[in-house]
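Q: Sequence:
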Amino acid sequence: MIVVFNTLSRKKEQIIPVQDKQIKMYTCGPTVYDYAHIGNFRAYVFEDILHRFLEYAGYHVIRVMNITDVDDKTIAGAVRENLSLNQYTQKYIDGFFQDMESLKLKKATYFPRATQHIPEMVELIKKLLAKGHAYEKAGSIYFRISSFPDYGKLSHYNFEQILSSQTDEDEYEKEQAQDFVLWKGSKDEPFFWETDIGKGRPGWHIECSAMSMKYLGETFDIHTGGIDNIFPHHENEIAQSEAATGKKFVNYWLHCAHLLVNGEKMSKSKGNFYTLRDLLGKGYNPIAIRYLLMTTHYRDPLNFTEKSLRQAENTVSHLQAFYQRVCFALKKPGMENKEIEIFIDSASKGFYDAMSDDLNISAAMSEIFKFISNINDFFEKDMISAMDAKKITKFLKKVNEVIEIIEPDIEELSEDKISLIKEREKARKEKDFKKADEIRSYLSTQGILLEDTKYGTRWIRK
RNA sequence: GGCCAGGUAGCCAAGUGGCAAGGCAGCGGUCUGCAAAAUCGCUAUUCACCGGUUCAAAUCCGGUCCUGGCCUCCA
1 MIVVFNTLSR KKEQIIPVQD KQIKMYTCGP TVYDYAHIGN FRAYVFEDIL
51 HRFLEYAGYH VIRVMNITDV DDKTIAGAVR ENLSLNQYTQ KYIDGFFQDM
101 ESLKLKKATY FPRATQHIPE MVELIKKLLA KGHAYEKAGS IYFRISSFPD
151 YGKLSHYNFE QILSSQTDED EYEKEQAQDF VLWKGSKDEP FFWETDIGKG
201 RPGWHIECSA MSMKYLGETF DIHTGGIDNI FPHHENEIAQ SEAATGKKFV
251 NYWLHCAHLL VNGEKMSKSK GNFYTLRDLL GKGYNPIAIR YLLMTTHYRD
301 PLNFTEKSLR QAENTVSHLQ AFYQRVCFAL KKPGMENKEI EIFIDSASKG
351 FYDAMSDDLN ISAAMSEIFK FISNINDFFE KDMISAMDAK KITKFLKKVN
401 EVIEIIEPDI EELSEDKISL IKEREKARKE KDFKKADEIR SYLSTQGILL
451 EDTKYGTRWI RK
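Residues 1 to 462 in UniProt numbering are what the first sequence spells out, letter by letter.
Take the hints with a grain of salt, since some may be wrong.
Said to hold, decoys possible - Here are the simulated lysine-lysine pairs, DSS-like style, with alpha carbons at most 25 angstroms apart: (1) Lys-331 to Lys-391; (2) Lys-268 to Lys-282; (3) Lys-454 to Lys-390; (4) Lys-106 to Lys-397; (5) Lys-247 to Lys-131; (6) Lys-184 to Lys-126; (7) Lys-394 to Lys-282; (8) Lys-106 to Lys-331; (9) Lys-265 to Lys-282; (10) Lys-247 to Lys-331; (11) Lys-247 to Lys-282; (12) Lys-349 to Lys-398.
Derived by calculation from the structure, the hints in this document are not laboratory data.
Please model the complete structure; the sequences and the hints are all you need to start from.
A: Put into structure tokens, the structure is as follows:
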């Protein structure tokens with residue numbers, strides 16, 4: 001049983017999919033006017049862990065991540081650089097996919113782009129117009145929130161509160177200041193579409209309703225995003241979608257908390273604004289960034305500092321070193337050790353149980369670290385045989401399908417390096433430590449770290 | 001002003017009525033030719049603060065302080 005915190009009810013709820021063993025999930029993706037920053041990636045890493053854990057738990061996940069390639073900022077960027085909208089956004093779309101690879105973010109099943117789904121949005125808007133949930137004013141089309149009594153159910157703002165809220169927008173043409181735009185009419189804007197509902201471009205919210213329902217159906221399981229999306233974006237998605245279909249739009253809404261940098265909101269003016277590229281440029285390990293972003297529970301604020309990133313780098317390299325140590329034992333003859341299986345079962349259960357409880361990753365990781373500590377004890381006594389090592393690597397690879405912290409493919413050493421290691425062992429026996437140290441430091445420059453144990457020398461890749 | 005989170009060791013971070021997980025860093029021991037790695041031990045009598053309930057509170061209740069977010073650009 002997997003339980004998640006649903007923003008709609010503000011309670012933890014058991015996930016029961018619309019269709020047995022299949023989860024349909026929508027995540028708000030990037031607006032491609034610039035490279036994504038680590039705050040954005042906190043959300044994407046959270047969604048990645050959710051996606052991967054659902055698969056680990058045996059669900060078939062169908063996931064959509066949209067790409068917003070038309071909005072005020074992308075338009076402004078394209079105009080500034082005198083490019084077409086597609087030319088301008090392509091650079092950032094490519095950048096986003098590169099960044100996803102750096103952080104080992106699993107690909108969604110679909111990455112629909114707003115500009116390629118204008119007809120679907122137009123259809124949805126027509127439906128809303130026909131049902132009286134939308135109206136046209138001066139070429140633009142607005143959603144009439146007074147026609148949707150559930151408005152506010154996700155953000156838990158009450159209707160009066162929303163209606164009385166101040167807005168400094170110059171939106172006098174709307175019936176009510178809080179109505180939001182579905183379609184922005186265009187007179188002399190650089191980018192527009194000619195459609196049945198007029199010349200213009202879509203409002204921000206409509207793409208997510210149109211694209212999610214196209215790929216996932218009118219009612220689907222999970223919708224995720226950052227908490228700042230709760231209002232107005234997700235609230236508006238619910239209004240548009242449920243007003244159009246008369247059906248419940250999404251069963252589980254999951255939102256992750258913000259990332260702070262040195263205790264403050266990240267902003268360009270404060271100079272604490274990091275893109276993933278900035279951090280990689282400083283030489284940080286992308287896997288450590290992934291680890292740091294995922295190890296604070298997704299509903300708690302995460303305070304990002306370079307100090308904690310360096311700590312994460314150490315943790316990640318210890319994990320990798322452990323994995324390599326196990327791999328090194330894959331060729332070691334010896335008896336099977338029954339206790340190993342008990343440790344695996346216990347860690348496996350502990351990991352699953354923790355993750356099932358609203359993705360409690362810290363508790364889940366602590367199971368893994370305790371497991372490692374137990375196994376290291378056996379290494380100390382030289383009691384890990386090939387059969388044991390095989391089981392351990394199998395378990396670690398399975399868990400790694402969720403956490404993606406370990407690099408599972410270890411390259412074999414070349415023949416000449418293996419003979420160098422043998423040569424060094426011989427030198428050590430002959431007390432020729434000068435030669436032994438030379439070989440060790442040479443191999444170190446080749447990225448090979450030697451560990452002399454009382455049972456012989458083993459190597460790991462740095 | 002309304003709504004929502006958070007405050008646990010030097011740092012990061014679980015735990016939400018029954019002896020305070022785990023990681024990083026540090027110190028001491030073992031191992032080692034020296035290292036590295038590993039390992040053992042130590043590092044929070046106390047969970048922002050003040051009251052209350054209870055046999056028992058980090059956890060529940062009331063209040064206070066601090067930090068952050070949302071309230072129509074936002075992950």
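Q: Evaluate each hint against the coordinates.
A: Cross-check of the supplied hints:
1. Lys-331 to Lys-391: 13 angstroms, holds
2. Lys-268 to Lys-282: Given pair Lys-268, Lys-282 holds - Cα atoms ~18 angstroms apart, limit 25 angstroms.
3. Lys-454 to Lys-390: 23 angstroms, holds
4. Lys-106 to Lys-397: Holds, because 16 angstroms separates the two Cα atoms, which is no more than 25 angstroms.
5. Lys-247 to Lys-131: 14 angstroms, holds
6. Lys-184 to Lys-126: This hinted pair holds, its Cα atoms lying about 14 angstroms apart.
7. Lys-394 to Lys-282: At roughly 34 angstroms apart (the allowed maximum being 25 angstroms), Lys-282 and Lys-394 break the hint.
8. Lys-106 to Lys-331: Measuring from Cα to Cα gives roughly 32 angstroms; hence the hint is violated.
9. Lys-265 to Lys-282: It holds: about 21 angstroms lies between the C-alpha atoms, which stays within 25 angstroms.
10. Lys-247 to Lys-331: Outside the cut-off at roughly 58 angstroms; violated.
11. Lys-247 to Lys-282: 49 angstroms, violated
12. Lys-349 to Lys-398: 13 angstroms, holds
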